[in-house]
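Trainee: Residue-level listing of the chains:
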Amino acid sequence: MDKRSTVVFLFLFLSACAGRGPAPVEDREVESRVREPAKQDSAGVQVFPLQNPAVKELIADASAAESTGDYSQAATLLERALRIQPRDPEILQNLAEVQLQVNDFEQALNFAIRSYDIGPRVGEICSRNWRTISVAREHLGDHNGSLQAGKKAAECMNTKPESL
Amino acid sequence: MSPGDEAHDQMSKRSKKKRSRRKKSGTSPSRGWAGRIWKLLLLMAGVFLGLLLPWVTYLNYQVTTEFEGRKWDLPSRVYARALDLFPGARITLQDLEKELGLSGYRRSEQVTRPGLYGISGNTLDIHRRAFGFPDGAEDAIRLRVRLAGEEITAVSDVASGRHLELARLDPAEIASIYPLQKEDRTLVKITEAPPLLLTGLQAVEDRNFKHHPGVDLRGIARAAAANLRAGKAVQGGSTLTQQLVKNYFLTQDRTVTRKFNEAIMAVLLELHYGKAEILEAYINEVFLGQQGAYAVHGFGQASLFYFDQPLERLEARHIALLIGLVKGASYYNPRRHPDRAKKRRNQVLSAFAETGLMTESEAALAAAAPLGVSREPRSRGTRYHAFVDLVRRQLAQVYREEDLKTEGLRIFTTLVPHVQEKAQRSVTDGLHNLEERGLSSSLQGALVVADVASGEVQALIGDRDASRAGFNRAIHARRQIGSVIKPLVYLLALEHDEDYTLLTRIEDEPVTLKLADGSAWTPANYDGKSHGEVTLLEALTQSYNQATVRLGLNIGVNHLLNRVKQLGVDADIDAVPSVFLGAVELTPLEVTQIYQSLAAGGFSVPLRSVIAVQTADGDELVRYPLRIMPQPRREAIGVLNYALTEVVEQGTAKRLQGLLGRQVTLAGKTGTTNDRRDSWYVGYTRNRIAVAWVGEDDNRPAGVTGSNAAMRLWAGLFRELPVEPVDLRMPDGAYWFWVDGGSGWLTGEKCDGAIQIPFVDGSEPRQATDCLATRDKDKDSIWKKWFGKKDG
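Going down the list, the protein sequences come from chains A and B. Taken in order, the first sequence gives residues 1 to 164; the numbers are from the working numbering. Taken in order, the second sequence gives residues 1001 to 1792; the numbers are from the working numbering.
These aren't lab readings, by the way, just hints derived from the structure by calculation. All clues stand as given, with none of them false.
With the Cβ distance kept under 10 Å, some of the chain B side facing chain A (calculated, not the full set):
1) Gly-1088
2) Ala-1089
3) Gly-1136
4) Glu-1165
5) Gly-1602
6) Arg-1729
Sample of chain B residues with no beta-carbon within 10 Å of chain A, all distances over it, derived:
7) Gly-1121
8) Phe-1287
9) Tyr-1294
10) Thr-1355
11) Leu-1365
12) Glu-1498
13) Asp-1572
14) Val-1579
15) Arg-1662
16) Asp-1698
17) Lys-1750
18) Asp-1752
Just the calculated beta-carbon pair ranges, DEER-fashion:
19) B:Val-1723 / A:Gly-69: 40 to 50 Å
20) A:Asn-144 / B:Arg-1627: 21 to 31 Å
21) B:Arg-1400 / A:Ser-72: 18 to 28 Å
22) B:Gly-1556 / A:Asn-144: 28 to 38 Å
23) A:Lys-56 / B:Val-1723: 24 to 34 Å
24) A:Gln-148 / B:Glu-1498: 18 to 28 Å
25) A:Gly-69 / B:Ser-1467: 46 to 56 Å
Predicted, not measured: the structure shown is a model, and the values here were computed from it. Even glycine gets a Cβ: it sits at the ideal position worked out from N, Cα and C.
Construct the complete structure from the given sequences, taking the supplied hints into account.
Mentor: This is the structure we're talking about:
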């Protein structure tokens, strides 16, 4: 590798780390543009309903399937979890993220909206909801919508539930 | 004829020629004689070529087509959903036992093998079978399941004692989709068949199977001798190959021609196929019993039919019985003629001993044991005709009916057996009950039950009589839906939030419309009265016709028809004002589709009955994943959902909670059509939606109303199911406010006459009562804090 290409490579490598620039249309987008930033800006604010251990197990199995690239199996397991707990925002958001990874942006968008509608509308899951919506809208060519969703993701942190 | 057949014919010609040559070398040395014989042989060859060869060619074609074609005809198996067992699962011991029974489990003192379960107190010991689920195969496992009240409290693996978060039951086989021949078969590969079955069959039916060319002259002689010795027929002379041919062309005539054809076809079959292939076809083809209209073919199916166990789990005495049945499945039918069957089985056991397949003492021990036949064959689940119709409909989009009948597909459906059973009972008993109250005995009913969020159809009833497989009303009965349409009129009004809220006042006064044909139409209210100025909420909950028509006219009928389409039903509806009062013909299934969208807060899901389809070997062919579609203006749907709970709280369905015996927030709508021809009730809980219809098949006045008939059926079902209250949390864009019930102004939670009502954002009242100004100025309600509109 010559000097110049090394510099170019390093530049690309570091810019990828910084998370700027056009995101590659690939599965890691879900980590770099949804999960990681949501985790960071939520700073530990998690508002999940009580989860059944059976659902937890299925979510874990689905994550395992997802990490091996078996998205169909991941979706099947999440749907099974949804049968046990039909109104669980985390299952729905995970389904949205699976759809994102198989490039079904319309369904990714729909599952994320559903998760937001019945979810806590604050904290990490809220941020994942809007970030997914933002990425999906971008892929669907709705740039304004994508930007707005990005702003909504930031708002998830401003509206923590007040004490009674 | 295919080129392959031609080649086979060449082969059979060659073999005949060989035989001719042998004959020649064995004849007299005399030349003159030889010449004559030679001529005679030529003549015979001529006749053979001229007549016999075309005949053999024809038989060859027949037998090979049959062998290739029918060998693998397998009915598709249709499974219910698999029951998840986990701590917290809501199910009663009674329902769990019901599910076990439907999955073919039997209660036993000793839970010694898969397929058995035992109960002690509130604990079940279930030996779950191995099963290939749509998301993976699982081995057999012994599960211990503890219940308390209506809930599972613990699940564990008996072998390891390990606590399990989640396990499941193998699903009930609810139906098979059969080939036209009405044959039932569970395919067995020769490599997976018990060795004793293969050797035993030969010992009893065809000892020279490995060596003969299809027919066995020595075998015939030996059988004749044996029969002579015994003084009766104990052995048959037909080879297994001949028997297979005979099974293919089931004619009962015992003519010489048939025997002759059978022999030729057997030889032809042996020329084309190996011994293993022929034996494999045989063990899957042979007729071994009759279950109703269905013939039981092959040892795999016979094993399930007689012993309720897969073939590989059978003991020697069971295998002996099945082999014995080859001789005459109805004569030796072990359920009808146990003595005959036992005698026959023991003859087979002696043949096993005689040929060294087992020792004399083993045979004697087995001969002393009982037959071990299950009391009744496992039901083929034909009770669920209506649901299976729906399955066929969904699959017809992907598969040809022919494939369903022959490819042995494994079809995983959404049916929840205990809900289906209860739904059928509620229809059957509910209509019977109406009969006792003086209504007609020819009333019919339909009921569809689905999961709100996933659109999975859990139960479908299309006839008051479960055993009838005819007209399926849930799918095919197109009937006027009456007031069941009205919520959509109000939904459209709420979407025009600048003009309408639930508290907007409209006139319930007579209205006369000129119709396209020139006639006038003046709809009346159910009680024959007009109610003056009423709120949208009152008009909907009391189902006032005049107010609804006036509202509808402001909105426009085309708007309404578009909304119906948007909610997932593409029906051909005339755009006339009577549509506002439900002059729209829809099926119960279509009504379910429309209300699923509402019940799920505006997330439409196409109703599904099939989740996945696998090949006979368990490879996934197709999966029907959950796909959701958000409706526009979900905030208006949220507000409408509240209004529909008021229908149950104080509207036309207010008797529902009494019928249920429970105070719980439910949403619903009654529907009655002109002259009381149709009775509808659509209702949903948090997780389940059900649509009930009652009426006469010929559409004559039936004396029914929404609340006197269909609602009773609905209540009959939900009395037997866990009921969760409807979730009234508003989606983004709609908020709860405290308002004064009289003036409709904003008020404080603690003010007199305060009621809480949801509004689409921005449509909430502008004026406030004095009470709000003085008492609650700085104090927002807890509701509003948590779920209400944010400042700004």
